[in-house]
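*Asks:* Here is how the chains run, residue by residue.
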Amino acid sequence: MVIYGVGLLAFCFLVGQFIGESLGRFLGIEANVGGVGFSMILLMICTDGLQKRGLLPVPTEQGILFWSTMYIPIIIAMSATQNVFAAFSQGFMALLVGVLPTLLLFLCIPVIIKLLSK
Amino acid sequence: MEILPKLLSVNALIVAFLVVAVVTWISSVISVKILKGRVPGAAIAIIAGLILAFFGGKWTGGNKGISDVSGLAGFALLGSGMLRDFAVVATAMGSSLDEMKKTGWIGAISLLMGVFISFFPAVVIAFAFGYRDAISLTTIGAGACTFIVGPVTGAAIGADSSVIAISIAAGVFKSVFVTIFTAPLAKFIGLNNPQAAMAYGGLMGTTSGVTAGLAATDPKLVPYGAMTSTFATGVGCLLCPSICFFIIKFILGQ
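Protein chains in written order, with my numbering: chain A, 14 to 131; chain B, 9 to 262.
Note that these hints are calculated values from the structure, not bench results. Being a predicted model, the structure only gives us computed values, none of them experimental. A portion of the hints provided could be inaccurate.
[What the hints assert, rightly or not] Some chain A residues close to chain B (C-beta under 7 Å, calculated; not the full set):
{"hint": "1", "residue": "Gly-50"}
{"hint": "2", "residue": "Gly-67"}
{"hint": "3", "residue": "Leu-69"}
{"hint": "4", "residue": "Phe-119"}
Note that beta-carbon positions come from the ideal geometry of N, C-alpha and C, so glycine has one too.
Sequences and hints are given; from them, build the entire structure.
*Replies:* This is the structure:
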């Protein structure tokens with residue numbers, strides 16, 4: 014059943030968020046630390062384990078796949094709800110602070126990849 | 009005559025489904041017919057979303073982009089952090105845990121580099137614009153990490169609300185910049201494999217920018233970038249009000 018897949022996804026999501034929130038609390042900061050990451054690892058472990066035992070029928074899988082394909086539409090909606098106007102009304106310095114360091118970061122990617130291949 | 013406004017507000021989420029579908033369709037037509045496939049449809053749709061957000065904020069004076077326009081409130085739910093994270097987690101199915109383990113340490117290094125390479129250049133820019141106190145400089149520097157790290161840091165060290173506003177704006181600019189420029193820059197920086205996507209996610213940090221940028225580049229890379237970027241806000245919130253703040257205070261002798 015499709016809902017089993019959605020339920021499994023929801024379970025992994027909530028457990029991961031709980032770990033992320035707890036880790037943030039433990040570190041004394043007001044932020045979720047890695048919640049999505051923990052959820053993802055849990056989902057990978059669960060689906061992998063179920064698949065190997067033949068317990069992940071196609072409909073269940075589709076319950077998860079549906080949300081994975083809804084990802085881009087959700088991102089489009091997210092872009093449309095960013096506070097873009099306020100960002101522009103903060104002026105030129107905010108633009109520079111947002112963009113110049115980010116350009117440096119882009120340049121660092123090939124450096125890190127080179128490190129990786131050694 | 010009042011049937012339509014009521015219909016739209018009661019069924020806000022469904023309206024958002026329809027509008028996003030139409031935006032996606034128009035974007036894919038523009039991508040194929042006008043731009044001959046040089047820019048992916050998803051990238052155009054995401055940029056269209058940002059433009060809608062700009063005008064939504066301009067017309068309504070609200071802070072949630074197009075979702076403040078009456079009848080389009082459903083965008084706030086469809087584009088919420090909850091659904092975004094839910095869908096991002098779903099993309100993990102079928103990606104390789106081994107791949108992620110193999111580059112775990114690169115992820116950790118890129119997270120640390122991401123915070124420092126965002127923070128210090130941003131502090132230099134703020135300094136050049138006349139800011140001299142450690143609290144304001146640190147808050148603006150933190151804004152260059154993500155638009156959450158800025159206000160969290162500012163609140164923690166007691167920054168002025170106008171400075172916090174600047175740090176949020178800087179974070180939003182970063183997110184927009186990463187969203188738009190990831191796809192065109194991808195081939196120059198070798199962003200075409202899971203390892204590179206993990207390094208990229210950790211460096212950039214902004215989850216919204218990273219996930220949108222990768223969606224426009226290659227959706228297969230999304231889970232790898234998301235995996236590392238989800239830690240970035242936490243690492244930024246940890247380092248900026250502590251180590252980074254102390255370093256700035258030390259340099260300025262305050």
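*Asks:* Can you verify the interface hint for Phe-119/A: is its Cβ closer than 7 Å to any Cβ in chain B?
*Replies:* holds (6 Å)
*Asks:* The hint names Leu-69/A as touching chain B; please verify it with the least Cβ-Cβ distance against 7 Å.
*Replies:* Violated. Min distance 10 Å.
*Asks:* Does the interface hint hold: is Gly-67/A within less than 7 Å of chain B, judged Cβ to Cβ?
*Replies:* violated (16 Å)
*Asks:* Taking the closest Cβ pair, is Gly-50/A under 7 Å from chain B?
*Replies:* holds (4 Å)
Going down the numbered hints, you'll see the structure goes against 2 and 3, while the others check out.
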